[in-house]
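Engineer: Chain by chain, the residues:
2 protein chains.
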Amino acid sequence: MKWTDLPNEGCSVARTMSVLGDRWTLLILRDTLFGIRRFDDIQKRLKITRHVLSDRLKRLESHGLLERKPYQERPTRFEYHPTQAAKDFVPVMQAMTAWAQTHLPTEKSEPYRFLDRATRSPTNPKVIDANTGAEITSKSIWVEANRD
Amino acid sequence: MKWTDLPNEGCSVARTMSVLGDRWTLLILRDTLFGIRRFDDIQKRLKITRHVLSDRLKRLESHGLLERKPYQERPTRFEYHPTQAAKDFVPVMQAMTAWAQTHLPTEKSEPYRFLDRATRSPTNPKVIDANTGAEITSKSIWVEANRD
DNA sequence: CACAGTGAGTTCCATTTTGGAACCCGTTTG
DNA sequence: CAAACGGGTTCCAAAATGGAACTCACTGTG
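In order, the protein sequences belong to chains A and B.
The opening position of the first sequence corresponds to residue 15 in this note's numbering, with each subsequent residue numbered one higher.
The opening position of the second sequence corresponds to residue 15 in this note's numbering, with each subsequent residue numbered one higher.
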């Protein structure tokens, strides 16, 4: 299988990888979600090549995660704004962050914090089953092959 | 920045990408979590090159996500078992799956289902703040740069 | 005993992707 | 008019990937 086959997979994890499955794309998305929206700003922060950045921005746009919006005319310049689809990835990113803090620890401090918007207090993400309210853990879950 | 710098980043998303940030690694991890544990079985399912699979298994093992366990002697053969760190990624994967079902839809059916282990009924993942019990969405979250 | 088969890799080479730097294009500012 | 800014594209070398063949240690079959 090649990368180009991934978008057509039935598995949602595989389709997610077809968009975000490389070293940089999720970090670019993260930056736009944290308010960094211009080509040069993203490039300077991540220090990735302009070539790759250009390519990834196009990919994120084509999958509906970013929207290219002009912020000035003459010369026309664009900002990359996260769409609702991108914003809906925030909880996933936060769950991922909590996982990495436990399982890929470091002495360095996290550059960003996720706070409750109303109270400005730290949040502690937990994945639950909306049907029962019970926490989802590897112990509570049974994975079954689907045969439709 | 190069890929080799990612593991030393303070950002947890970046460190996660240093382990899972390529097309195949998360799919390999997914398969081991779903019970596929032998080299040839993973290779046949994903149809990735043996070379890349060998490399990724080593990486997952070196980051503590997989454990190589012999299942027979003469000749010694190994299975790759997910560690607790890998199992703890299940909720993240499930949140990701729910995201992709909404934002990267497809007509094909999902090859796996996440069921409640006790009741065998479908689950509906939702990320909440364990402190307040409120759902975490992009609207409820405020992202702040950390200055320690 | 020769020989095909199995499982887990490794090696080799061609094709892709990435990293790094330089270049381009329309403007604005000195 | 020259330099600077923002947002790219182009070029080439280096690294990663895809595909196939090969190895090694057995096992089972005729």
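Rather than coming from a laboratory, the hints here were simulated on the basis of the structure.
Among the clues, some could well be false.
Repeated chains share a single entry, so a pair holds when one copy, or any two copies, can fit it.
To be verified - Derived DSSO-like pairs: lysine-lysine, alpha-carbon spacing no greater than 27 Å straight-line:
1. Lys16 x Lys83
2. Lys140 x Lys153
3. Lys61 x Lys122
4. Lys58 x Lys140
5. Lys58 x Lys83
6. Lys72 x Lys140
Engineer: Would you list, in rising numerical order, the hints stated earlier that this structure does not obey?
Structural biologist: Those not satisfied are hints 1, 4, 6.
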